[in-house]
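There are 2 protein chains.
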Amino acid sequence: MRKLFMAEMEAVGDDLVEMATLVNRAMKQARVALEAHDVGLAETVIAQDARIDYLQNTLDERTIELLLLQNPVATDLRLLVAALRVSSSMERMGDLARHVAALVRLRYPGHVIPEPSRPEVAEMAELAVTVSEHLERLMTSYDLAEGREIVKINNDIDILHSQIMNYVTENVWSLTAPQAQDLTLLTMRLERFGDHAVSISRKIAYLVTGEWEPPVIA
Amino acid sequence: MRKLFMAEMEAVGDDLVEMATLVNRAMKQARVALEAHDVGLAETVIAQDARIDYLQNTLDERTIELLLLQNPVATDLRLLVAALRVSSSMERMGDLARHVAALVRLRYPGHVIPEPSRPEVAEMAELAVTVSEHLERLMTSYDLAEGREIVKINNDIDILHSQIMNYVTENVWSLTAPQAQDLTLLTMRLERFGDHAVSISRKIAYLVTGEWEPPVIA
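First to last, the protein sequences are chains A and B. Numbering-wise, full-length UniProt numbering puts 100 at position 100 of the first sequence, and it's gapless, one number per residue. Numbering-wise, full-length UniProt numbering puts 153 at position 153 of the second sequence, and it's gapless, one number per residue.
The set of hints was computed from the structure by calculation and includes no laboratory data. Among the clues, some could well be false.
A pair holds if it fits inside one copy or across any two, identical chains being indistinguishable in the list.
[To be verified] Cross-link-like lysine-lysine pairs, in silico, DSBU-like; alpha carbons within 35 Å at most:
1. LYS3 x LYS28
2. LYS3 x LYS152
3. LYS28 x LYS203
4. LYS203 x LYS3
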């Protein structure tokens, strides 16, 4: 019985790794689609999101069954509850990458990123990709250094996001209303993407250390 | 033991009802703050959100302890897992109401809603308040008719949101870039608020009926 349980627990972990890998791929491709103005790639990101949603459902069912059929010990239980939370954040990260891609498709053949804001948006998108790379490594290694990197990079994302939003408010870039709309939608999604990764990092840190302490921001 | 367990389960339900009540109050007040341009009330909404966050933490701890210390039967277990999910959505709804209030405070003494878009935004905010009223009733009564209403109203919110976003894209209202930014931020939050309420309704419907079937849209 215990052996079966451990195998099932491992399957939950595998699902989380696969989700992280797919989220990373989605954000990488969404970034390229955005910058290269590639509507085909945007379509790919949109289509692939179904697999992330499917994995979340599978993981949820598996977790609930494990809780139900077995009598998990304390550590397993913490892992299962954390898995439910982490999968829900990853599903949302997949949605956010899909929303970025959907905006590329919606505006095609127009560009989503207003010309004067391109360097800042490119930087923000690059940071989002870096976050999702660390997330994939975190889910494979459970190395908390990855989580601390995520917190640090997310801090940079937040600063950049505030700066971009201030430029729009002060109309530094002389944008039109539709450009301001696109930039607001786009950067808000990248910003939320980072937040979810931080929230996952905190859950993993809690799991590994048993201490509910937010990772120190360097 | 079973008696203690039932009392604890009831406490989880009470926390969810209190969260729904606070979310409803927060959205009601955020709407008034937005329309009456009332920065004091906006501050109140922002300050009160800490209580919602606190309740989520309490409920999470309580739920995990129940899962850990007891050996819940199938129905209880479904309730506990649903409670974790529902509390997380409600915490997010509280955040969204707070973000609306924060935007009112940030722009003060300026107005957040661009003049020409006021009727549409007022309608959207009213629908968001109605959603949160149904949500409070749903959490008290577990009457699925409330959940069906939420799905229906959220549909109206989505339609209105698309319409507003299209008006911005086509610049029907001749907005400036900062106005477009505010309108995008604001309506996106109201739209997400409705989505979370739908997601809660689905979880409650699943709990009550045992059937994973999205409520029928009338």
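Hint check results:
no.	hint	result
1	LYS3 x LYS28	neither (38 Å within a copy, 52 Å between copies)
2	LYS3 x LYS152	neither (39 Å within a copy, 47 Å between copies)
3	LYS28 x LYS203	both (24 Å within a copy, 32 Å between copies)
4	LYS203 x LYS3	both (26 Å within a copy, 32 Å between copies)
Hints 1 and 2 from the earlier list are contradicted by this structure; the remaining hints agree with it.
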